[in-house]
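Asker: Following the hints, complete the assembly by docking chains B, C and D onto the known chain A.
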Amino acid sequence: MMRVRVRYFASFREATGIDDEWVDTDAKNLRALFDEAMARHAGLDHEPAALVAVNDCMADWDARVGEGDEVLFFPPVAGG
Amino acid sequence: MMRVRVRYFASFREATGIDDEWVDTDAKNLRALFDEAMARHAGLDHEPAALVAVNDCMADWDARVGEGDEVLFFPPVAGG
Amino acid sequence: MSFSITDGPIDAGALRALVQDPHCGACVVFEGWVRNHNEGREVLGLEYEVYEPLAVSEGLRILAEARHRFGLSGVACVHRTGRLGLGEVAVVVVAAAAHRDEAFRACRYVIDEVKRRLPIWKKEHYRDGEARWVNCRHCVAADSEGLAAS
Amino acid sequence: MSFSITDGPIDAGALRALVQDPHCGACVVFEGWVRNHNEGREVLGLEYEVYEPLAVSEGLRILAEARHRFGLSGVACVHRTGRLGLGEVAVVVVAAAAHRDEAFRACRYVIDEVKRRLPIWKKEHYRDGEARWVNCRHCVAADSEGLAAS
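Chains as they are written, first to last, in our numbering: chain A, 25 to 104; chain B, 25 to 104; chain C, 5 to 154; chain D, 5 to 154.
Don't read these hints as lab results, they were simulated from the structure. Cβ atoms here follow ideal geometry from the backbone N, Cα and C, with glycine treated the same way. Among the hints, a few may not be true.
[Stated by the list, open to error] Beyond 10 Å from chain C on every Cβ pair, some chain D residues (computed):
hint : residue
1    : Ser6
2    : Thr10
3    : Asp11
4    : Gly12
5    : Ile14
6    : Leu22
7    : Glu53
8    : Ser61
9    : Arg65
10   : Arg73
11   : Arg104
12   : Asp132
13   : Asn139
[Stated by the list, open to error] Covered by chain D, per the in silico footprint, the following chain C stretches (three or more residues, Cβ under 8 Å):
hint : segment
14   : 22–30
15   : 34–45
16   : 124–137
Okay, chain A solo, but in the shape it has when bound (with noise of 0.2 Å):
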């Protein structure tokens, strides 16, 4: 079990209703991450097109999760 802090942006601030939290995790990587913040927040949903970043750098899906990182959720990005 680790401890980490996940951070909601945008669209999913608002579906989350919170800009962060500290949540104790198994999660094996950045995908089971966002799953289980998707069964705490019921109007949380996937966006295929979401990025995901860890300790201020762009991270994929797929990567694991640390003790202590601070993980950035992002809804579809739409700059210009």
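Answerer: Here is chains B, C and D on its own, set in the frame of chain A:
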């Protein structure tokens, strides 16, 4: 025999040493008119990308010449 | 090479000055403007949310890629955050190169990657009072307590 | 839609204002700058010769083509004539459209056609005192009585 005005631009003007001239000609098209100009002006030479205009409209080299036309001989352009 | 996020008006002239270089014969500028319609709906304004730490580092990465790929002399980008009204400039990209082909391709590359990769989100506010996060498949239209009501 | 020839500095901001439109989400600007080298030779400056009556009518034709092909809202171009120093702006094209793809393609189309079709000629003045009409295969280098000596 018709009388036309011929004008030279940029490198063509420098090659002929004149801005323009009146010419009596039987040239059947603009290409033939340019050939006659080359015969008169030793410095003038074929430029494959040269353009021609008649009475301020772009024209094809095989277009016919008319009495009183103003014919503009343009060396290869280089705007921009 | 310069990438920044601002909550005030973008000075496109200052950005252009950043890339000026006597070796360059071509400069291409892209400006994104807030337009009054999207997908058939009348837009009143929009707001951007930007996660700045990563937007800036990833933005600089995009500029470095463009410089490397296209042999650019200079390239710069500024993106707005916060609320914008109709006609305001949301983003500017400038790219300068010896010849125009590189400048056009680099400018296009940067704006395409900015839209695809940066953690920036856009919420449009419509005349009918609704507001919606753009590009978000599942999001229900948010309520109207935002810009559209102000 | 506006095309003009000028012998003074080009005001890119004024040109951009001409194409502003609340329907447009994208504006692409091309600027051609006088650069300090060409084909390996050091350039000190250049001069343009323009045959204005036809440059303007053909220029307007190019803008109309771009507008028709790419569904543009606004498009404009200004080209310099006469002598220019290093770094000066020789030509500006602005194209505004609902989306960026049309704006990029239209801006590129206009500058490509301007360079290909308009009766405008460019003479480069080099550090070694020579001057040469650009694009002119057979021209011998002209003597140095022009800009390079001044």
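Asker: Now tell me, hint by hint, if it's right for this structure.
Answerer: Structure-based check of all given hints:
The claim that Ser6 (chain D) is not at the interface with chain C holds, since no C-beta of that chain comes within 10 Å of its own (minimum 18 Å). Annotated as non-interface, Thr10 (chain D) keeps its C-beta farther than 10 Å from every C-beta of chain C; the closest such distance is 18 Å. Interface exclusion of Asp11 (chain D) from chain C stands, the closest Cβ pair being 20 Å apart, more than 10 Å. Look at Gly12 (chain D): its CB is around 18 Å from the nearest CB on chain C, clear of 10 Å, so calling it non-interface holds up.
Residue placement check: Ile14 (chain D) keeps its beta carbon more than 10 Å from all beta carbons of chain C (closest about 12 Å). No beta-carbon of chain C comes within 10 Å of the beta-carbon of Leu22 (chain D); the shortest separation is about 14 Å. Taking the minimum C-beta to C-beta distance to chain C, about 19 Å, the non-interface status of Glu53 (chain D) holds against the 10 Å cut. Distance check for Ser61 (chain D) against chain C: the nearest CB is about 24 Å away, which clears 10 Å, and the non-interface claim stands.
Here Arg65 (chain D) stays apart from chain C, with its beta-carbon at least about 21 Å from theirs, past the 10 Å limit. Under the 10 Å C-beta cut-off, the non-interface status given to Arg73 (chain D) relative to chain C holds; the minimum distance is some 17 Å. Interface exclusion of Arg104 (chain D) from chain C breaks down, the closest Cβ pair being 6 Å apart, not more than 10 Å. Non-interface status of Asp132 (chain D) relative to chain C is upheld: no Cβ of that chain comes within 10 Å, the nearest being about 18 Å off.
Distance check on Asn139 (chain D): its Cβ is at least 14 Å (rounded) from any Cβ of chain C, clearing the 10 Å threshold; non-interface status holds. Residue count for the segment 22–30 of chain C with a Cβ under 8 Å from a Cβ of chain D: 6. That meets the three needed, and the coverage hint holds. Counting residues of the segment 34–45 of chain C whose beta carbon lies closer than 8 Å to any beta carbon of chain D gives 8, which meets the minimum of three for the stated coverage. Look at the segment 124–137 of chain C against chain D: 0 of its residues bring a Cβ nearer than 8 Å to a Cβ of that chain, fewer than three, so the hint is violated.
Checked against the numbered hints above, the structure violates hints 11 and 16; every other hint is satisfied.
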